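Asker: For the protein sequence lines, the chains are V and U, in the order given.
With the working numbering applied, the first sequence covers 397 to 692.
With the working numbering applied, the second sequence covers 13 to 351.
Calculated directly from the structure, the hints in this document are not laboratory data.
Treat the numbers as computed from the prediction; the structure is a model and nothing was measured.
No residue lacks a Cβ here, since even glycine has one placed at the ideal position from N, Cα and C.
A few of these clues could be false.
[To be verified] Taking lysine-lysine and the DSSO-like style, the derived pairs with C-alpha atoms no more than 30 Å apart in a straight line are:
#, chain 1, residue 1, chain 2, residue 2
1, V, K488, U, K129
2, V, K558, U, K349
3, U, K229, V, K558
4, V, K558, V, K488
[Claimed, not checked] Taking CB as the label site, the calculated pair distances span:
#, chain 1, residue 1, chain 2, residue 2, range
5, U, E188, V, L648, 49 to 59 Å
6, U, K219, V, M608, 30 to 40 Å
7, V, P431, U, S17, 38 to 48 Å
8, V, S626, U, Y151, 47 to 57 Å
9, V, M608, U, P319, 30 to 40 Å
10, U, V206, V, N598, 50 to 60 Å
11, V, H649, U, I216, 32 to 42 Å
12, V, D618, U, H212, 44 to 54 Å
13, V, G509, U, P232, 55 to 65 Å
14, V, N674, U, E223, 24 to 34 Å
15, V, R645, U, P83, 36 to 46 Å
16, V, L648, U, T145, 12 to 22 Å
17, V, G564, U, D269, 21 to 31 Å
18, U, S17, V, L648, 47 to 57 Å
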Amino acid sequence: MSYNSIVLVKQVPDTANISGQVMKPDGTVNRAMLPAIFNPEDKTALELALQIKDRYGGKVSAITMGPPKASEVLRDCLYMGADEVFLISDRKFAGADTLATSYVLSEAIKSIGKFDLIFAGRQAIDGDTAQVGPQTAEKLGVNQITYVEEIMHIDKKKIKIKRKIDGGYEILESSFPVLMTVIKDAAVPRPFKATRVMAFKNARSLVELEKMVEGNSLLYIDDLKHEYESKSLFIPTLTMDELNVDADRCGLHGSPTKVYKIESVVLAGGEHVKIEPNKEGLSQLIDRLMDDHILG
Amino acid sequence: MKKASNEIWVFMEQRSGKPADVSFELLSKGRKLAEKVGGTLKSVIIGQNIDSIARETFQYGAKQALVIDHPKLKEYKTLPYSRIMNELVDKHQPRIVLFGATFIGRDLAPRVASHTKSGLTADCTDLQISQVTYLRNDYKDLLLQIRPAFGGNIIATIITPDVPIQMATVREGVMENLSLEKPAKGTIVNIPYVEDDSDHVIEIVEKFQEESKINLKSAPIIVAGGYGMGSKENFVLIHELAHVLGGEVAGSRAAVDAGFIPHERQVGQTGVTVRPKLYIACGISGAIQHRAGMQEANKIVAINNDPDAPIFDICHYGIVGDAAEVIPNLIDVYKHKLK
């Protein structure tokens, strides 16, 4: 028995390296200002899908929604072993909250075709909401298992999963299809395979091909697209028109949550007592804490 | 758009029949929100033999407890629980629904928000009611969902102006637990459980759960280490200092990510919120997410070799120095004083 998996991946700003100028006045994030990385737990999710494919066969499709630049993580998916990748990209999808995102993702999944398993990271490091996975499952009308720690067994009827819960774990059996969100401990993502990097480093999305044409009058977009398709190096882009989605449910407009206010964190600069880092200073500190009955 | 009621609901989480602390904290906050909007606080409890939990919610001001009690609902499972919540929310259109940001709450809330097309904000550190002007429209009594965002450089206030139902999750310990002296006169409304085929798509084969032995929330003294401790070896100093002072050990998210300390001991927005008598922050820079979890400590001592670290803006005693050198001295001096 083989299994077809879809993996939801996201390119995220590396939140560990944030400078002050990344917020736009409307409260959304200017991603262009930040180094962008493959969301770590999504990589773990892809690894689990690839492990199932290695063992039982089937197909692994990776999809991401984001600006054209997000095709970078799709190339990474190809380097790791994904069979096909899809970029969901349209200006009208921009500014989406988790509800609008999960709507577009669920419609994209429906358009891609039959699946047994959907994998996603538990959460993305830029928002930490952990909402898109469950909301996508709900829209597809499929079961979900969040916080997946280990796939214990899979056969044609059932998948057996160990998941994390407060203060412990539980082991669940679910029928297919099922959407799983994966925590970092579930697997160690494989490194890129050199042969696959050589094979797919030139994979390009339509927007990227258009950019190549812009600077070169000898290139024609239709020819170029055809050439890339014939070499299996074309990354299909799903836009609003192709997905046939309801515009009212997409992007900023289709997002019920709105950013009302953004405040920079202004530190009060509160006064504190400076303690010298030597024994005399520390002795004074302990005396004060003892006097206040905090210590001793 | 359906007209929403003025009801504020708290999903009461129970694990094997024991209610979660966070649910009572949410009721305490929900009561204040209800007073502000002139609305009614209600609790929703799904499980088996949960009448005592329902009655306990009256102690926190719930006027009504919606109870769905059935042996097949004993343990949390995504599909039956979310189906029941979806049906209840669809039917009664509460104005606000609050969930704990626990493993269960974070599994359930997004599913319910998706079904009801509601706005949902995760891990709020504060909730307020306010009149809001947004894009030239005036809204009365909106829920302000406040959380740090984006690496902690900003505090975002999220609103859900144009949908009838506003939802939020909140971590345990963030809101204070305030029960009433005199319980509210509440009623229990029993709602029958009608089985659905989808309830059996998933079965629990095994479950292991134990109450955390770590109780950071009630520890009077906490010694916390951050990424600035440099290594797991240096982190031993945190344990030694905590041991000498009779306190608990904690860490920042960076320390957890670096593998210095397990997640159960993480203080901050995505960890535990604490209010100890004394909090000693060692090698912790003091990002907003961390401060959200400890800034209400009675006394804060900060040790950091960067004099510009934000932790110095909220501490009471600041020591500029390498924590790995300061801590052994601190231990020596303290032991000497005890003699």
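Asker: Evaluate each hint against the coordinates.
Answerer: Hint check results:
no.: 1; hint: V:K488 / U:K129; in the structure: holds (19 Å)
no.: 2; hint: V:K558 / U:K349; in the structure: violated (50 Å)
no.: 3; hint: U:K229 / V:K558; in the structure: holds (28 Å)
no.: 4; hint: V:K558 / V:K488; in the structure: violated (38 Å)
no.: 5; hint: U:E188 / V:L648: 49 to 59 Å; in the structure: violated (35 Å)
no.: 6; hint: U:K219 / V:M608: 30 to 40 Å; in the structure: violated (55 Å)
no.: 7; hint: V:P431 / U:S17: 38 to 48 Å; in the structure: holds (46 Å)
no.: 8; hint: V:S626 / U:Y151: 47 to 57 Å; in the structure: holds (55 Å)
no.: 9; hint: V:M608 / U:P319: 30 to 40 Å; in the structure: violated (50 Å)
no.: 10; hint: U:V206 / V:N598: 50 to 60 Å; in the structure: holds (56 Å)
no.: 11; hint: V:H649 / U:I216: 32 to 42 Å; in the structure: holds (40 Å)
no.: 12; hint: V:D618 / U:H212: 44 to 54 Å; in the structure: holds (52 Å)
no.: 13; hint: V:G509 / U:P232: 55 to 65 Å; in the structure: holds (59 Å)
no.: 14; hint: V:N674 / U:E223: 24 to 34 Å; in the structure: violated (43 Å)
no.: 15; hint: V:R645 / U:P83: 36 to 46 Å; in the structure: holds (39 Å)
no.: 16; hint: V:L648 / U:T145: 12 to 22 Å; in the structure: holds (18 Å)
no.: 17; hint: V:G564 / U:D269: 21 to 31 Å; in the structure: holds (22 Å)
no.: 18; hint: U:S17 / V:L648: 47 to 57 Å; in the structure: violated (28 Å)
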